[in-house]
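Chains as they are written, first to last, in our numbering: chain G, 1 to 300; chain L, 1 to 71.
Note that these hints are calculated values from the structure, not bench results. Mixed in with the good hints, there may be bad ones.
[What the hints assert, rightly or not] To give an idea of the interface, some chain G residues facing chain L are shown, with a C-beta separation under 8 Å as derived from the structure:
1) D29
2) L202
3) I205
4) L234
5) T237
We treat Cβ as the ideally placed atom computed from N, Cα and C, and that holds for glycine.
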Amino acid sequence: MGIQICKPIVYLGAKKVFLKDIVLDKSYDLKNKIGSRIVHIEQKKSVLDMGIVVTKKCIEQYKAKPKFLIFVSQGQEKRLPSCAEEMAHKSNIDNKCLVLTISSGCSGFAQAVYLANKLLSKEMNQGLIVCAEKYSTYIKKSDLKTRLLFSDAASSTLVKYSKKKNLLENFFGYDGQNSNSLEVINDNKKEVLNMDGFRVFLFSIKNIPITIKRIIKKAKNINFFFIHPGSKILLDTIINKVKIKSNKVPTTFHITGNTVSTSLPLLLKDNFNKIKKNDKIVISGFGVGLSYATLLVKWI
Amino acid sequence: MNKSEIIKLVSKALGQKVTESSNHKNTKKWDSLGQLQILASLDKITKGRSSKIQKLDSVSSVKEIIKLLKK
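Chain G on its own, in the form it takes in the complex (with noise of 0.2 Å):
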């Protein structure tokens, strides 16, 4: 019926790398465009990897019993299988344990949140969703915009069942006409990330004040408006076409950048204990795909 979310457990990739470090063109407006001052590159842990620390840690720390696990990738090392359930099997997840993936970026978690609210019942009673992804795998080392951008991360959150109906609002939405906008091709045989920014950027911008606006006219004191950081810029478009106050809008970008499907979970964890039982929050994920997912969620 309703859905606990636990504090995110998350993982940044090890290495700092300094945007200034990267920038050629001194010009070039990282302040405003970009909002972060460094990106976390992971070099030695996988996908898998990252996702076995932060589900072993979550499972330790709420002492969790998930009946499920969602898993939210789309950069796993192998085509086939996904590693989710090689990942919930190295965490110690019980093997009857629902395992499943979902390939998704930027837009994963809300759409995990929305999938967990409809698996979670009296028996079903818990379970995980953990995001993970490394786009600096694909990046080509001359593509100067994208490396900008982007950190590779995981994260996993414990979902509890609640019995009041707190998922109160739920907008989806994709583009599939614009599906190149974020891709991986095949270039000279590897795999690199080709992203037409201002494309996602259109979408975004498109999409994302139209979902809030309608939020807003049905539900009324909204007390935080989780919105995917993609970039300054975007985040700013959005607030100021939604016309919200940007103190009801946590951003991350003093900690990373753009951590793909971990963003969310990492704007939660990182304003937890700020959001109070009852409060109203809105959680907005939205790119490559392209889709979008907006939630309204009533805090228990």
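We have chain G already, so just place chain L on it with the hints.
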């Protein structure tokens, strides 16, 4: 606004000379920040009327701007 006024406005907003055939792919400064500068300039010169034009947010070429502002 006529065609030449629009071209002049976009050039000024981007800080780079554009022509009728310019778009975000062939114009270096026409990125997300450039887009916002174009929209802000249009909004200013039309006294807010341009922000009410649907699809103007997602234009990516001078031709599209001309077409939408003609309507």
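Structure-inconsistent hints, enumerated in ascending order:
No hint contradicted; all consistent.
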